[in-house]
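Using full-length UniProt numbering, you'd call the opening residue of the sequence shown number 1 and step up by one each time.
There could be a bad hint or two in this list.
Below, simulated DSS-like cross-link-like pairs (lysine-lysine); rule was C-alpha separation at most 25 Å, straight line [to be verified]: (1) K82 / K106; (2) K236 / K338; (3) K196 / K242; (4) K209 / K196.
In short, the hints are calculated from the structure, not lab data.
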Amino acid sequence: GGNAQKQKKQAIIRLEEEEEEEEEEEEEEEEFKNWNYFIFLLYRLVYIASWSFLMDDFMQCPICLDSFKVPVTIPCGHSFCKNCISEYWEGKEKEVHCPFCKETFKLRPQLNRNVSMSVLTEMASTQSPGTRDVCTVGAETTGPEEICERHQKPLLIYCVREGMCVCYECSVNECQGHETLSVGEELRNREAELKKKSAEIQKQQEVTKQTRAELTYNMEKEKVSLQQTSLWINCKFSQLMKLLAEKQEVMQHFLDRQQEVALLESEQRLSALEQRSMQLSALQDQITLAHFFISVCVAQQESRMVEVPAFTELPVDLHVCPQEELSPVTDVLSRVSKLLCEDLDRALQPPGGHDKDSSPQDKRPILAVVPSPATPSFPAERLGLDANYCSLTFDPCTANAHLLLSRRNRKAEHLVSGPCTVPSDQRRFEHTWQVLCAQGFTGGRHFWELEVSKPWAYLGITYAGIPRKEKGQRCMVGRNQFSWSLQLDERQLGAWHDGRREAVLGQIQGPMRIGLLLDYEAGTLTYYGKGHELHTFHSVFSGEQLYPACWIGEGVSVTLCDPGT
Numbered sequence: 001g002g003n004a005q006k007q008k009k010q011a012i013i014r015l016e017e018e019e020e021e022e023e024e025e026e027e028e029e030e031e032f033k034n035w036n037y038f039i040f041l042l043y044r045l046v047y048i049a050s051w052s053f054l055m056d057d058f059m060q061c062p063i064c065l066d067s068f069k070v071p072v073t074i075p076c077g078h079s080f081c082k083n084c085i086s087e088y089w090e091g092k093e094k095e096v097h098c099p100f101c102k103e104t105f106k107l108r109p110q111l112n113r114n115v116s117m118s119v120l121t122e123m124a125s126t127q128s129p130g131t132r133d134v135c136t137v138g139a140e141t142t143g144p145e146e147i148c149e150r151h152q153k154p155l156l157i158y159c160v161r162e163g164m165c166v167c168y169e170c171s172v173n174e175c176q177g178h179e180t181l182s183v184g185e186e187l188r189n190r191e192a193e194l195k196k197k198s199a200e201i202q203k204q205q206e207v208t209k210q211t212r213a214e215l216t217y218n219m220e221k222e223k224v225s226l227q228q229t230s231l232w233i234n235c236k237f238s239q240l241m242k243l244l245a246e247k248q249e250v251m252q253h254f255l256d257r258q259q260e261v262a263l264l265e266s267e268q269r270l271s272a273l274e275q276r277s278m279q280l281s282a283l284q285d286q287i288t289l290a291h292f293f294i295s296v297c298v299a300q301q302e303s304r305m306v307e308v309p310a311f312t313e314l315p316v317d318l319h320v321c322p323q324e325e326l327s328p329v330t331d332v333l334s335r336v337s338k339l340l341c342e343d344l345d346r347a348l349q350p351p352g353g354h355d356k357d358s359s360p361q362d363k364r365p366i367l368a369v370v371p372s373p374a375t376p377s378f379p380a381e382r383l384g385l386d387a388n389y390c391s392l393t394f395d396p397c398t399a400n401a402h403l404l405l406s407r408r409n410r411k412a413e414h415l416v417s418g419p420c421t422v423p424s425d426q427r428r429f430e431h432t433w434q435v436l437c438a439q440g441f442t443g444g445r446h447f448w449e450l451e452v453s454k455p456w457a458y459l460g461i462t463y464a465g466i467p468r469k470e471k472g473q474r475c476m477v478g479r480n481q482f483s484w485s486l487q488l489d490e491r492q493l494g495a496w497h498d499g500r501r502e503a504v505l506g507q508i509q510g511p512m513r514i515g516l517l518l519d520y521e522a523g524t525l526t527y528y529g530k531g532h533e534l535h536t537f538h539s540v541f542s543g544e545q546l547y548p549a550c551w552i553g554e555g556v557s558v559t560l561c562d563p564g565t
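Construct the entire structure; sequences and hints are all you get.
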């Protein structure tokens, strides 16, 4: 009996010890849970504090001190609400400045939306720190925010697939097989991701800042370069104008001196002629008195006393300044004029430029400037062209005042001495150094040749509707939709139509003869020179009259050749 009681007491002691151990385990488990819960709350507080810092200092407009509404960023880098900065700058037309850093902008910047800031603002407004991480079942709204509503346990686990925090039982029952992390680990991952994105943004900001600095530097560099170039060009033009004025003064002094010499010489001749006239008048009076004497002997005696003096012939032509002496000067002036009127103008035109004034005014077919595929030999005997040779003359009613016509209107020469006095005529080219032929063609094949003294001319054909009273290049043959021409230049030939130029192979120097063959029905205009075909235009002519036309540079003469010469 004593043993039984002893065993019973031992069993009771063991049960009490087991109960105490179970209670201790439960207390340890509860303490562990409370500790984890404390750590979780600490992370949440850090997260909430970080989020509040972003909301207060990073995602607020400096003007209205509220969350951004349509955030925009200005060139200095600061961001504002679009309405706030617009109202701040309202009424300021020219210079405006940043309300935050006071940087001034000469022109009002364009307000572009900051997409990244807009996304962050929307996230902040739709996901606050206290409501974005909840259990799938739902969290309590009154009491601790990190307690599962269903199981009343802390949200210590983060489900990657569901993208939210759950309790232990939810992770076992409803998130089975899903990838899970502790809340602390997920917070560290989020912080690492934010740091990575922040580093990327900072890197992009540095790149943007560096690019902006380089662009600003290059702009200033180019500005200085353009200013220096402008100063150099203005200086050169000033020097040239001063030099031209000085040379003009020297030349004028030379011409005045030549005029004085010529006038002095002519006055001396006039004085000699007056003395001769008086002497002859005296002799004539003696002869008249002799007629009053009746005696033949006396008359004979008086007639022997009158002797007709032998005078030396005085020239009546005056050469104030021989053309041979002025030829070097006029040649230089012609070359300078060509450089200014043609070469400099061509240098100022953009590559592939088109004359703005040459827009079509009618619906005539546009000519395609097509280079000849080959340069076949052009027989010296003009095989097949003699029958088409036509005799042409220049129309004086169309000739510009600077052009002098001679040789029965078969030669046109650009005078360097200035324009002639010509009658007013609607057909005359007012400002363009140009002349048309009197003969026109509405069909058939026609061939003519022109002798050009210097390579500074445009030879071609035109309709009668070509502009004649305008200033500028639109009146030139080939520079409008009415005409076609071949430009003769020392460096390169050029085919022109409707203001467009096509380079033509070949060079010319000095006088040369150019032949033109017009086939109206075939729609071709072919140029020949030095025994070879130079170029062919292809078009569809409208049936109106086409006139041969010439634009002639300073000091240049163009002669229409006679058939057979």
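Right, here's what the structure says about each hint:
no., hint, verdict
1, K82 / K106, "holds, 19 Å"
2, K236 / K338, "holds, 18 Å"
3, K196 / K242, "violated, 68 Å"
4, K209 / K196, "holds, 20 Å"
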